[in-house]
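Protein chains: 2
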Amino acid sequence: MDIKELVQLKQEAENHLINELLPFWIMRMTDEKNGGYLTHFDEKGNDTGEDEKSLIAQTRCLYTLSSAHRAGYGNGELAEIARHGVDFLLNKMWDNQHGGFFWMLDRKGNVKNNQKIIYGHSFAIYSLSEYTLATGDKRGVEYAEKVFDLLQKYGADTMYGGYWEMFQRDWTLCGPGSQGGDRKTLDVHMHLMEAFTTLYECTGKEVHRRKLLEVIDLLLNRIIHPEYKTGVPQFYKDWSVAPQIKFDIIWGWDRFSEEGQKGNATDNTCYGHNAEFAWLLNHALEILQDDVENYKGLFRIIYDHTIDNGVDYEFGGVFVEGPHSGGVYDREKEFWQQAEVLIGLLDAVILLGNEKYWEAYKNVHRFVFDKVVNKGVGEWYPLLSRRGEPIWTHMGHSWKINYHTVRAMVQSIKRMEKLSK
Amino acid sequence: MDIKELVQLKQEAENHLINELLPFWIMRMTDEKNGGYLTHFDEKGNDTGEDEKSLIAQTRCLYTLSSAHRAGYGNGELAEIARHGVDFLLNKMWDNQHGGFFWMLDRKGNVKNNQKIIYGHSFAIYSLSEYTLATGDKRGVEYAEKVFDLLQKYGADTMYGGYWEMFQRDWTLCGPGSQGGDRKTLDVHMHLMEAFTTLYECTGKEVHRRKLLEVIDLLLNRIIHPEYKTGVPQFYKDWSVAPQIKFDIIWGWDRFSEEGQKGNATDNTCYGHNAEFAWLLNHALEILQDDVENYKGLFRIIYDHTIDNGVDYEFGGVFVEGPHSGGVYDREKEFWQQAEVLIGLLDAVILLGNEKYWEAYKNVHRFVFDKVVNKGVGEWYPLLSRRGEPIWTHMGHSWKINYHTVRAMVQSIKRMEKLSK
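So the sequences go chain by chain: Z and E.
Letter 399 of the first sequence, counting from 1, is numbered 727 in our numbering, and no numbers are missing.
Letter 189 of the second sequence, counting from 1, is numbered 517 in our numbering, and no numbers are missing.
What the hints contain is simulated information worked out from the structure, not anything from laboratory work.
Fair warning: there could be bad hints in the mix.
Pairs involving identical chains hold if they fit within one copy or between any two copies, as the list cannot separate such chains.
Below 27 Å or equal to it, Euclidean Cα-Cα: the simulated DSS-like pairs (lysine-lysine) are [as the list claims (entries may be wrong)]: (1) Lys372 - Lys742; (2) Lys436 - Lys466; (3) Lys466 - Lys481; (4) Lys440 - Lys533; (5) Lys361 - Lys436; (6) Lys684 - Lys742; (7) Lys481 - Lys533; (8) Lys372 - Lys420; (9) Lys565 - Lys703; (10) Lys533 - Lys474; (11) Lys565 - Lys481; (12) Lys533 - Lys436; (13) Lys338 - Lys565; (14) Lys746 - Lys533; (15) Lys624 - Lys372; (16) Lys624 - Lys436.
None of these values were measured; they are calculated from a predicted model.
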């Protein structure tokens, strides 16, 4: 590894974070009139006026601000904006009658969808814990623990283990199929690992540690592919693999066909998730003070799969998804997968010390800075063609916000600092 | 079936309940000085003075009083004594700091053992729900729900399903082995089914119904023997069968050898548990308004195993335990097993309508009334030889109280009434 090159890449990331990404959000996200955050911006960074505030976007913004503040950025300004978002979350999104956060409000704070969705609640735990760690304001962890308790009461499947994911307002479990009440996903369980890690970091409580260990066990022994260690997206309640369908309440991009089912619905893995899972697991082990040596073999398998199949050595960047055994189905480029693979590959360099991960990192780094970043505006394009032409061009949306982009910079800089010493 | 004989047996049971059992307790159980119930009595019914009040004995007394009141006995007096016990439970046994009930107090209400044991908490849920159903006093269900919520938060194993059973005061999970922190038992999960049934009957809440369905699923598909449908006593966390060991905190009779492990530790089933499981399941199905037809095949297997192996056709009554595939290891007679088999066999007569279950019922009924009842005193001997000579002679103790005896009479009378119409 060329240290000069490393330092250059680190500076490029720092410059992007400090002078582009954070300013993009600081100057537009605060909704002074109605509280909370504005989250819908077009290619030029103009507010599109879309009348919604989603639980995911509000909590992810809170995480972004809190974690960047904790990492030393923003001179206190980020903590102030974070507090503004917590006020909105607790005063407007929290359901005082049944507990938990509503799924979707309008800008003024009226409820548009009152369902209780665990995906969103995992980000509530994550961001509110991070907020308390960053600022010392105890309201964050108080509500993070309330959500944790509700999740244990209503969410856990005491027959097969794991968590149910889709509930009505009163925490009645949703019906089967596209309502999602009979499914379990990689996505939710991975984000619960992320959430419980930060909750445990914040509280040090045994029950938070125990549930973190249990969800790691689920991910390792139920959710990732037994042979390839790649993530399997959807399961039935007994952890048999379910065809990957679109839920009525979606939380991400709709990349499904008309029928609401993926092509290759039962043999599909996503490189961004795999790398994200690996580095989040490594971070969890760190917080748990567990021995990473026991997991290096696993990390090697996951990162080798990522660089052997997910990285595009012709046009740069990371593909969307492919079969577990190797190969690619979808060669477009999603912004968040680039973000997660950046962090993961730097983890691989540090943990496994092989030059090939560094080469792959540089590939993705270049693709991000040359193609994905919307120059002069400062945020990332959400979806690009294989060659790097923007397909979707909005900068902010209920499901596309600053969490992946800012976190990728904060975490990558931290890792490159470590490598440069 | 000879109806005249049935009516005679019913009258014998009614006479025992109304003129012997209930008076035995009504006249001695109320601790006017310290609150709660006195629970330690010798063969003559004299207070032994043992200085303890166990969570199990206090909650079981509460269940006994509440359920007998609800069934129409006692002219209101039982409800009054029940209220007296609830006061003690909520004011003295409840842990205001960490939630949940202490395991053991002395008579005055000082804490002797502050651990949180799920076996005892299952009886807290059961008795407090029954108390509210019987009296309308909402304090019962309020605390039953608090215990349910704590159990879901701290007790559920979100990896393998089911519940952990042994905790420290602050709900930290106990260590492995004889501390019990790595084991799961038939006993606790069966009593949780019983508890959730009455909780759901009381609240009608979806989450209580759902957890009841899940624990039934666990009992049917993890806990009873896949072939013989007999109960397997102990498991490791992943539901592999564990050798039956004695825990540091015991909740029943110590019938273990010096080594703290049962003979035949991994091939052992107990007839009283099997019959109790079957009739409690049938009752749960009734409360759930589920179709019993789907379970008749299962009930037939369980009751056939009970009468073919557990009933002593030579000396009368029910043996202690034997191998799953049939046969007997221990031919002594425990009081509670007689009690549960009485109810179960009447269920079998009603559900399956076969004369052989009635003949077996009459056998156990005669053994109970001729040998187990301590004549002139009114309660049952806890343990007898195969021929019916008392081995242990106390009438009350932290682990031997009125719950099995009174419930057996209340439930048997109810079933015989149904059969006599």
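Evaluated hints:
1. Lys372 - Lys742: neither (30 Å within a copy, 77 Å between copies)
2. Lys436 - Lys466: Classified as within; 26 Å inside a copy, 39 Å across copies.
3. Lys466 - Lys481: Both. Shortest intra-copy (23 Å) and inter-copy (21 Å) distances satisfy the 27 Å Cα cut-off.
4. Lys440 - Lys533: Classified as between: cross-chain Cα gap 25 Å, same-chain 35 Å, threshold 27 Å.
5. Lys361 - Lys436: within (8 Å within a copy, 60 Å between copies)
6. Lys684 - Lys742: Within. Shortest intra-copy distance 20 Å satisfies the 27 Å Cα cut-off; inter-copy 76 Å does not.
7. Lys481 - Lys533: Both, since 18 Å and 13 Å are each at most 27 Å.
8. Lys372 - Lys420: neither (29 Å within a copy, 66 Å between copies)
9. Lys565 - Lys703: Neither way: Lys565 and Lys703 sit 45 Å apart in one copy and 54 Å across, limit 27 Å.
10. Lys533 - Lys474: For Lys533 and Lys474, both the intra-copy (14 Å) and inter-copy (20 Å) Cα distances are at most 27 Å.
11. Lys565 - Lys481: both (17 Å within a copy, 20 Å between copies)
12. Lys533 - Lys436: neither (37 Å within a copy, 33 Å between copies)
13. Lys338 - Lys565: Classified as neither; 44 Å inside a copy, 46 Å across copies.
14. Lys746 - Lys533: The answer is neither: 29 Å in one copy and 53 Å across copies each exceed 27 Å.
15. Lys624 - Lys372: Classified as neither; 43 Å inside a copy, 68 Å across copies.
16. Lys624 - Lys436: Neither way: Lys624 and Lys436 sit 48 Å apart in one copy and 57 Å across, limit 27 Å.
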